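Chemist: Here is what each chain is made of, one letter per residue.
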Amino acid sequence: MNKTLLVFRREFAGYFATPLAAVFLVVFLAVSTGMTFFVASFFDRGQADLTAFFLWHPWLYLVLMPAIGMRLWAEERRSGTIELLMTLPVRPWQLVVGKWLAAWAFAGLALALTAPLWITVNYLGSPDNGVILASYIGSWLMAGSFLAIAACISALTKNQVLAFIGAVVAGFVFVMAGFDLVLSAVRPWAPDIIVQAIASMSFIGHFQRITDGVLEAPALIFFTSLIVFALWLNVQALEARKAA
Amino acid sequence: MVLVETRALVKRFGAFTAVDGVTFKVNRGEVVGFLGPNGAGKSTTMKIIAGFLEPTSGEAFVAGHDSQTDPVAARRRLGYLPEGAPAYPDMTVGAFLEFVAAMRGLSRADARNRLAELVERVDLAEVWNRRFEALSKGFKRRVGIAQALVHDPDVLILDEPTDGLDPNQKHEMRELIRTLAPNKAIVVSTHILEEVEAICTRAIVIARGKLLADATPAELLARAPEPDPERQRLVRTTRLEDAFRHITLETAGS
Ligand SMILES: Nc1ncnc2c1ncn2[C@@H]1O[C@H](COP(=O)(O)OP(=O)(O)O)[C@@H](O)[C@H]1O
Ligand SMILES: [Mg+2]
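Protein chains in written order, with this note's numbering: chain A, 67 to 310; chain B, 5 to 258.
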């Protein structure tokens, strides 16, 4: 069987080896639906759609995706199994992709478990299901971006807590990138192109364009290339540790 | 036939030199004892041969393949037991060994045959369905050895395979290594000297990263100084211990 898939299978099963997976899924469901109903006042809007649900995903993922991704490499380094893994006759990218895929699939599972919400809005009214599907895909891709960043940072340390904190901080930069607070701090001294570049890295900006309407190409390309780039960095981080 | 070779290996961690110009060769049929005090650079050298660490300078070869520039080919021929015999704590022994076999490219049928044979040989049947974290030290070590033998490699690099085992387990591990010896090139690190006499055809002594001796156990014995009767009365030492102390303390100090 393909080596990447083997790594994926082992890693995915690993999430369920402890009760932590169940705890995570429950927390994810509770917080994501809780925010929809209480913080975003789903009912007051009087509209049958899931805007209030997706609105919070960037913030939710900012904390929950690092929690899924932190152990990917840090735990291997702490327990020493990284020596086994890295001396198998495979290329580092096969390991990197397999591990990230496992985390991404786990996030996908958590997201899929919110399907009753989708069914509920269809029961209450007639939402634009195309937009909701696009939003789910966009949300999953954004989760993949957070996870790729977390995996990359996890490769730099053997301490899961440090990996978690590092991933939250890095994710925060991408979440905040589109806000005026950040942009106005940069604008006085940086050329316009830099300001625009920072604004275009905004997770919220790209994600909102998806949830607002169609699944447009730039947002998809943005998240996909960010994932590819972060995974490439993950490979580089592993190589760099060899020479350390 | 040379199956393991290092050429002027140097490894620095920052300003600290852990391995300092180590050169040696191991042929098929040899069991080389890698001896040295704690912190001598044994594990670091083995990690470089296995391709887990990159040397600061110098080269390491496994079956003619450079560990750095041709890593996948080198690793195909190598079985490696890392220090402490790590494995995934929440996997069962069976699932773990099946994972390693699949990653090593064995087909399902080949893996089943090979693992059945290994389970006999390394005596793992009773713990096959147990989680690794729940195993005793002896079984953990055996799982580590089994993992290194799954693909019947030509080269075995074993970092302290008997560390932490009781005398009976040590004896079994040595017997296993001896039965494997004729067809492979084996490097075993240890700081237990009796191990060298028991299983090694050759001993390489390193201390503070430098290779100090590369000789048969008999030749090493010949380097032992005359025993000092005063000291012998306090603590009885073997000739090999005397030789080891002489080489690692006095030679390195000078
Ligand atoms: N990653 C590392 N960073 C810094 N120093 C290290 C690292 N790994 C090993 N060392 C140091 O290198 C020396 C040799 O270590 P090692 O090869 O593990 O010795 P041995 O296996 O012979 O006991 C030790 O002093 C150790 O502290
Ligand atoms: Mg060691």
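These aren't lab readings, by the way, just hints derived from the structure by calculation.
The structure displayed is predicted, hence computed values, not measured ones.
Errors might be hidden in some of the hints.
In silico DSBU-like cross-links for lysine-lysine, where the CA-CA straight-line distance does not exceed 30 angstroms [unchecked claim]: (1) A:Lys224 x B:Lys29; (2) A:Lys308 x A:Lys224; (3) A:Lys308 x B:Lys29.
Chain A regions said to be covered by chain B (calculated; three or more residues, Cβ under 8 angstroms) [what the hints assert, rightly or not]: (4) 68 to 77; (5) 150 to 163.
So, partial list: chain B residues that the calculated Cβ filter (under 7 angstroms) puts toward chain A [said to hold, decoys possible]: (6) Phe56; (7) Leu57; (8) Arg79; (9) Glu130.
Note that CB positions come from ideal geometry on N, CA and C, so glycine has one too.
Chemist: Return the numbers of the hints above that this structure violates; sort them in rising order.
Modeler: When the structure is compared with the hints, numbers 1, 9 turn out to be violated.
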